[in-house]
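**Student:** Chains as they are written, first to last, in our numbering: chain A, 1 to 368; chain B, 1001 to 1295.
Where hints are given, some of them may not hold.
[Stated by the list, open to error] One side of the interface only, derived from the structure: several residues of chain B facing chain A at Cβ under 7 Å: (1) Ala1071; (2) Gln1141; (3) Ser1152; (4) Ser1156; (5) Pro1158; (6) Gly1245; (7) Asn1246; (8) Leu1249; (9) Gly1260; (10) Arg1261; (11) Gly1263.
Keep in mind that the hints were calculated from the coordinates and are not lab data.
For clarity, every value in this text was computed on a predicted model and none was experimentally measured.
Note that the Cβ used here is the ideal one computed from N, Cα and C, for glycine as well.
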Amino acid sequence: MSINPKTPNPTIKNPRSVLKSRLHAACAATALLLATGSLAQAADLNALIWCDHADPALLQPFEEANGIKVNVKEFEGTGAGMAIVEQSQPGDWDVMVIDSIDIPRGVEKSLFEPLPEDKLPFADLFPQVKMDSSTVVNGKRYGITEKFGYNTIGYNKTKVDPADMQSMAALTGDKYKGKIAIYDYYLPVIGMAALAIGKKTAELTEADLPAIKEELLKMKANAKLVGEVTASQTALATGEVDILVGGGEWVTAGLAKENPALDFSIPKEGAVLWSQSLAMFKDSENKDMALKFIQYIMSPEGQARLATSACYWGMPANTKAALSDEQKKILRFDEQPDFLARAQPYPAPNADLDKKMQDVWTEMLQAQ
Amino acid sequence: MNPAKNSGRALPRAGCALPRAGCALRWALVTPALGWTLLFFVLPFLAMALSSLTAHDGGGFTLANYSQFFANPAYWQAMVNSLQVTAIVTLISVLLAYPFAWILAEQVPERWQRLALMLAVLPFWTSYVVRSYSWLLVLAQNGVINRALTGSGLFSEPVQLANTRLATVIGFVHFFVMLLTLTIFANLKQLSPSYRKAAADLGAGPVRTFLHVILPLTLPGIMVGAFLTFVLCIGDYITPQILGGNNELLMPQLVMMQIGRRGDFPLASALSIILMAVVTIAYLACARWLKIERA
Chain A
1 MSINPKTPNP TIKNPRSVLK SRLHAACAAT ALLLATGSLA QAADLNALIW CDHADPALLQ
61 PFEEANGIKV NVKEFEGTGA GMAIVEQSQP GDWDVMVIDS IDIPRGVEKS LFEPLPEDKL
121 PFADLFPQVK MDSSTVVNGK RYGITEKFGY NTIGYNKTKV DPADMQSMAA LTGDKYKGKI
181 AIYDYYLPVI GMAALAIGKK TAELTEADLP AIKEELLKMK ANAKLVGEVT ASQTALATGE
241 VDILVGGGEW VTAGLAKENP ALDFSIPKEG AVLWSQSLAM FKDSENKDMA LKFIQYIMSP
301 EGQARLATSA CYWGMPANTK AALSDEQKKI LRFDEQPDFL ARAQPYPAPN ADLDKKMQDV
361 WTEMLQAQ
Chain B
1001 MNPAKNSGRA LPRAGCALPR AGCALRWALV TPALGWTLLF FVLPFLAMAL SSLTAHDGGG
1061 FTLANYSQFF ANPAYWQAMV NSLQVTAIVT LISVLLAYPF AWILAEQVPE RWQRLALMLA
1121 VLPFWTSYVV RSYSWLLVLA QNGVINRALT GSGLFSEPVQ LANTRLATVI GFVHFFVMLL
1181 TLTIFANLKQ LSPSYRKAAA DLGAGPVRTF LHVILPLTLP GIMVGAFLTF VLCIGDYITP
1241 QILGGNNELL MPQLVMMQIG RRGDFPLASA LSIILMAVVT IAYLACARWL KIERA
């Protein structure tokens, strides 16, 4: 269903809200947009993406098949992505890659268009990654999971005992002190800390934060660094550390050829399931092509290319992804039913708890 | 020369003592710069200041973003860390850059100075990010330095250099020594040899001449370079993010943290304003000390 852009938006309360929204956008997104060097072109397909979608091996087949250019703008973090959208004109963007748990944030801002379920391969998705609690809002589906994986324990199996990696206790014990890196993203690692102390990630409350903080501080005391994607990947690949808390196939699979010693485990306490989705913008002026793009990404061929993208690998959401046997082995495709059964959802806190979790993370980073 | 003063006439109006045509020309010349500053500094700054006074969750005017900074020790610590790192970097950079600039200006023959300067600023030619990652590899457990340390038998185990405050300081100093060298070198070259000759005539030795004549005269160059180092260092995100290993947070990292996922621009704006206030205080301190403020 298409929403008329002229319809008054019920979420806009008063001029102050409008002013505030403009100010926020002006403060950050101007810089982000200027940095791109070019604004989105209405005639092409314009996509706000994560780095895995920038791989020419993924985009070129779609561009050639449809005679269209896909303009991409990479961003990190939903907040940064939303700022770009707020600073853009309606219709500038057609599709967006977003954390599955953040789709409701986009729906709340009236950004997304419901997706036609009958035109997308929902039946072929791993059932556990459909993420209906996030992707379906008020009975309408606004996102489709395209890729997933685990925030768990990544390690070098020639340097650590794989048996130790079956328990999160190894992360806080003395045996691997100074050999550990922590992935610098508070939600999944807080999720892992919660699992380590026996909490369920979907049921976290403010009352759990002191115990989680204590667990995080123990991990920090053992860690050599807390790094974002590239830094933590580099640290594991170069032998600076032997274990990556929060790592998983997204770190180890892409490096498998160069460094087959890298592996990941799903410890007995479980792992945190991450997933990314595709959403279509309500104001897109190219909805047919946007849907075609989503269909391409969700096709067996598109899924295989996305799963093995140059930026990072991850499990394709579509069970029929056209992966080679070698690629399936690296991604441990056949073990997914067991992994999924033991994984817990990504923490999806409300705004207040989210802020408190980030503050706990800040305190952990500052702890010496 | 002030023509109005010489003619004995009163100034037409404050700020413009020139004839009407001269005044117009002066304003015409200065307008583009003023417009640029207004458009790309004053207005964004006002937008940021207003944003810092709004609530992230949709409320109205609030000082909560500022009070959060003062109430949360982890936030405070970021400022303390930033100031400590910046002070260390500035001090080390000055101590290294001065002798370097001195050698360039005084010991290197005139015809080689241009080449020497070019070599000195060579690090500026590489990407900031690439340079930081290069340092990470140099300082890593298996990097050049640790191999040399363990290979020479000085240490039996690799020393943790990467992902520390030391690594951040090294990355900064590598960059800012070049900057300071340029400002101090320019200052030294402007010094007339007569000062040294006069000091010698009056019986001052080389050390006394340096301490009482050369150093005070080159202080403006040092202070300009030190202030630039302070400003660029305290606002830098890349170097501590890549080399520091996030084992402690500095202010720019704290600011970026508010934006990534939560998009909390009001808090990020408040933290940026606080950071800017510190830079302003540093500027005022420098300006006052150098007596370059205008009455």
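**Student:** Evaluate each hint against the coordinates.
**Tutor:** Structure-based check of all given hints:
Interface hint status for B:Ala1071: violated, as the beta-carbon distance to the closest one in chain A is roughly 11 Å, over 7 Å. With a least beta-carbon distance of about 5 Å to chain A, the hint placing B:Gln1141 at the interface is held under the 7 Å criterion. Here the hint on B:Ser1152 is broken, as its CB sits about 21 Å from the closest CB of chain A, past 7 Å. The restraint placing B:Ser1156 at the interface with chain A is violated, with a minimum CB-CB distance near 15 Å, outside the 7 Å limit.
Because the beta carbon of B:Pro1158 sits about 10 Å from the nearest beta carbon in chain A, more than 7 Å, this interface hint is broken. The beta carbon of B:Gly1245 is positioned within 7 Å of a beta carbon in chain A (closest approach about 3 Å), and the interface hint is therefore held. Hint status for B:Asn1246: holds, given a least beta-carbon distance of 4 Å to chain A, under 7 Å. The criterion of a C-beta within 7 Å of any C-beta in chain A is met by B:Leu1249, whose closest approach is roughly 5 Å, and the hint holds.
Here the hint on B:Gly1260 is kept, as its CB sits about 3 Å from the closest CB of chain A, short of 7 Å. For B:Arg1261, the suggested interface contact is upheld, since its CB lies about 5 Å from the closest CB of chain A, less than 7 Å. This hint holds: B:Gly1263 has a C-beta 3 Å from the nearest C-beta of chain A, less than the 7 Å allowed.
Taken one by one, the earlier hints fail for this structure at numbers 1, 3, 4, 5, listed in ascending order.
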